[in-house]
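J.: The residues making up each chain are set out below.
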Amino acid sequence: MKKLSFLIVLLSINVSANSILIKSGQINDGLGNSFIGDILIVDEKIVEVGKFLNSPSAKIIEAKGKPVTPGLISPISNIGVVEINALDVTNDDSPDFFGPGFSVFNAFNPHSTLIPWNRSNGVTSSISTPGYSSQIFKGMGSFYLLDGDIDITGNADVAMYARLGAIGGSRAETIQIMESMFELALNKDELELEELLGTTFASSMDMQLQDIQALSRVVNREIPLVLEVNRAIDILQALRLKNDYDLELVLMSVEEAPLVLDQILASGVSVIIDPMDNIPDSFDELASNIKLGGILSNAGIKVMFSTQRSHNYHLMRQGAGNAVAHGMTYQAGISGMTSIVADVFNIQDRGSIKDGYFADIVIWSEDPLEPSAYPTTVIINGSEISLETRASRLTERYTDKRDIPSSYKH
Amino acid sequence: MKNHLFLAFSMLLIYSCSEDVEVSQSSTTDAPAKSTSLDRDPFESNYKPLESERTLIKSVNLYDGLGNEYSNFDVLFDDGIILEIGKDIVDNNATIIDARGKWLTPGLIDIHSHMGVYPAPSVRTSSDGNEATSPNTAEVWAEHSVWSQDPQFSLALKGGVTAFHVLPGSANLFGGRGATFKNIPRNIIHDMKFPGAPHSLKMACGENPKRVYGNRGSAPSTRMGNMAGYRNAWISAVDYQKRQNEYIKKSDEAKELVDPPRRNLELDTLAGVLEGEILVQNHCYRADEMANMIELSKEFNYKITAFHHAVEAYKIADLLADEGICGALWADWWGFKHEAYDMVPANIAIVDQARGGQGCAIVHSDDEVGIQHLNQEAAKALSAGLRAGYEITKARAMRWITSNPAKAAGILDQTGTIEIGKDADLVIWNKNPFSVYALTEYVFVDGAKAFVRGEKELQPVTDFDLGIINPSDERASL
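Chains as they are written, first to last, in my numbering: chain E, 725 to 1134; chain Y, 359 to 836.
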């Protein structure tokens, strides 16, 4: 079996020894630069970005001044682990047994319909995360390339997810539990795991070996902790935990962040926000405001984007567009969907249009922050990807006016 | 037939006055009192527009909501009514707004909102949208749940929404009555009710009712159970309507009330649908179920005004056009449940273009964030339609968020387009409204400045917003 897959890899390298030259794109490289230029791709990588590039053997794609960006990276999604939310047999994002030790990694379905849909809308990779959990730590998310290949390209367990705030019980106790769990994880090397698991706290929290191992990765700064938090004072508590336990912290949602802007800036944490959510959904989010993205970004805080709902992770473009309409800079909007996500989650050599990086590239019909924009070309790992989706197949079927049953239109 | 019944009903209201002498004597006005046993429109609108001034908007680009686009046009309104539309209008008495390079549209309308019944914050103490205690709660009225201090109203207003229809949720086969509101936040809900707007009846197909009641081991637990539930209710309603109309006829002939039948709030609503006075807003996702609902409406002789959500409307777009049923749709929501799995982004465009453009497509929100960006949702739907090969102008797509929802709410005579004689419900945008960068600058409701960007005193602040984070401040400036 191993030999067979090895052979396939060799063959595919030979077959895919290809090169693509994108000519005259309005390149937004994800690093804050915008210029008209060409991009030469050989095999999986970008080999040159510049002007008047030539390559006799390359396939030429004329961008004709249209916007070109790195493939978008969703920092928080359900792609590959949830097919239909309200149908539990299609959900693999929630643990029954593990807490922080839960990993979604092995659940990823490369044939999920969310993959063609999201990549045809410009999302070339994503972090799929644990979903609903009654626990404070929801578990770890993993990074995946959305090429749909059964031979999955991804990084397991790139971040830990947790939340703090109005979720039932006292938030004071939530903080105490987090601290106790961190303490436990910090003791991992001094005490035998069995001894740790036998403590009253660990056993009454039903903690497993995997939970302590995962938390020790957090307190050892191997992976960031993405903490969903909204109330201003809770944000300060989160920053205190970062200091006390030397965490690599990412804050999520942070709807009351403008009230503690200086402290967030000083801490150096980055944030994931839904810039369109200006609803005071809970008593933790009273300062909710559509200007959040601009306020944070203009203060110098790195901003990434989540979306309103599941399934349409490309709508972070619309979120970024609204953030820009309300004060964020355009390039901060682009970087927040590309290079910043790659940086924060240690995704190597992706998220920017740069020599030596993997060629995950999108050419757009118009300004990608406009909701009416769509990709005309999507390249993942140097290969042009079909833009066909189940939705495009259904559209073709039902706009076919032949007078025969729809079941025969295919 | 309908006209005759309506006349008989009106006459009866007059007779009923004489029966209620004692009640009307206590009234200080001379207006005839209505018998509560027959008043089908209690809790009526007490809406009064904000004070307005005669205004002339100059040199604006304009989508009229009927499908037309004009450049460099002027619009004059006074006393809440649009008086003149055209080029080079001169009026020495009007306040002039120079809107060169900007865009004017009708006030946007959302046909599917739960503002007020699911207000913010979303907490159980004010979660009042679903009376999920029986599959038929046609007797409940959404307006009786609306919290007038919902901060979502002002956010929607800032997004250009001047009128919205609030529906009960979809837990039940018959969820209850919906009502339409002018978006001027007031502290009494009847001061917001859209004058003369009909009620609706919220019906729901599919997964929600069968899940809610099936999980309790009661009917319905299947889609066939759903259908049986509707049919049984309509059988009772037909019977009730017959008894009511016999009573009206007898009283009409005798010129006095003869044996009034006992009223039933649930059947009042259903009979109102059969009389054509209450419009059916039907939550339904799947094409096959919508076709069943159309057959059902024919069996009991009522009209479906709109299918809501209708993720599969594109599969039966011609049927919807033939039946004159609107599709109130999202641009791209999908996958959150099984019946929402077959989404196509061209759904709205396909419904719009059915039978050579005879379809009625509506962009609805069903969402407190979406309602603030109906223009962006229309932009996505338009883009998908163009990709699917249709030729649709932006001016036509503007109908999806203005005149078409006005039609489905039964308020098209008053609002939803920029036409002489209509309510001056208008929005001035700083850029083309199909762009994500477009922001509202002025929102007029009945000719009054209900929202002006950058002018704090012309932005509503609810009781909820006031002093809640910091006593000397408002919750969040718009």
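Hints are computed from structural coordinates only; laboratory data are not their basis. Please note that a few of the clues may not be correct.
[Claimed, not checked] As a list, the in silico PhoX-like pairs of lysine-lysine whose alpha-carbon atoms are at most 25 Å apart:
(1) E:Lys1015 - Y:Lys460
(2) E:Lys1015 - Y:Lys814
(3) E:Lys790 - Y:Lys752
(4) Y:Lys600 - E:Lys1015
(5) E:Lys747 - E:Lys1078
J.: Going through the numbered hints above, which ones does this structure break? Give me the numbers in ascending order.
T.: Violated: hint 4 alone.
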